[in-house]
Amino acid sequence: MFLTSEYELMKKFLYKDSKNTINEIGLLLSHLITALHEHYNKKVVLLIDDYDKIITDLLLKKSPYFEDAVEIMKNLINPIKNNNKLLFTVFAGVTELAKENFFSDINHYYHDSVVDSSLSKYFGFTEAEIDIMLKEFIVKPNLSVKEIKNSVIKWYNGYNIGNETIYNPWSIIHCLFFIEFNSARPYKQYWIETGSTELIEEAITNVRTTDKIEELIKYGETEVNYEVPFTFEDIKTNEESLMLLLLHTGYITISKNSFQDS
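If you're matching positions, the sequence shown starts at 1 in full-length UniProt numbering and goes up one per residue.
Possibly wrong hints are sitting among the right ones.
If you anchor each label on the Cβ, the simulated ranges turn out as follows [as the list claims (entries may be wrong)]:
id, residue 1, residue 2, range
1, Lys149, Lys61, 16 to 22 angstroms
2, Lys188, Glu223, 29 to 35 angstroms
3, Val228, Asp57, 47 to 53 angstroms
4, Glu201, Asn82, 39 to 45 angstroms
5, Arg208, Lys146, 22 to 28 angstroms
6, Glu147, Lys218, 27 to 33 angstroms
Here are the simulated SDA-like pairs of lysine to any residue, each with C-alpha atoms no more than 20 angstroms apart in a straight line [stated by the list, open to error]:
id, residue 1, residue 2
7, Lys81, Leu36
8, Lys236, Glu201
9, Lys62, Ile200
10, Lys121, Lys149
11, Lys149, Tyr187
12, Lys53, Leu76
13, Lys188, Trp155
14, Lys218, Ile254
15, Lys74, Ser30
16, Lys212, Tyr251
17, Lys121, Lys74
Derived by calculation from the structure, the hints in this document are not laboratory data.
C-beta: ideal position from N, C-alpha, C; glycine also.
With these hints in hand, go ahead and build the complete structure from the sequences.
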């Protein structure tokens, strides 16, 4: 239950034209966590999607508001630290460019990435789950489940993450939907229509060399050192850093068994 002051803060925050201070934004999140905990008598799971988007966008535009945005995000994180009403929090982001800006003040967090993941099956469809969906939803007798699966795998390929091959849910769901409803073109690049490529284009335009990219296009694979620096400035000058950006944003994936101890 909200106190009167908390209720007024909630109304102020949700009102379209309201102007909220950085401290008020963090305070509201703290109140929401408390209210959910008291109402359901359970610890709260907090999900923050695209946490890095505002930072990436402002970096790209060289915006003077970059530092303000970092402070806003830190104030969102402050109520999370040492909050005994939270079970856990998930921050989902596209790149690691903003990671150091946000999490330097948090002592205990687990970083899961496309390179080394123990949670990959929770962030996409596995091949076994695609088999289940095909059996459940593709019911028309004139459609071959085997042929559809082969086409789905050929088109959407999957990402090699840890020991799993993970498929993009957005693409798979849309593809199966349009197959079921007899679309003339069910196989399309659905995922790429949902995001901006501005950061990629900026980096490719400015990077000093493109040997790795050319090798990837010619041979289908290339070797990259994962330990290279990975900051916004690095991806515009260092091609291996750019390749890591392409990896984290889903444009390329890791070859199976590709890591070397060295």
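**Request:** If any of the earlier hints don't hold here, list their numbers in rising order.
**Result:** As far as the earlier hints go, 1, 3, 5 and 17 are violated by this structure, in ascending order.
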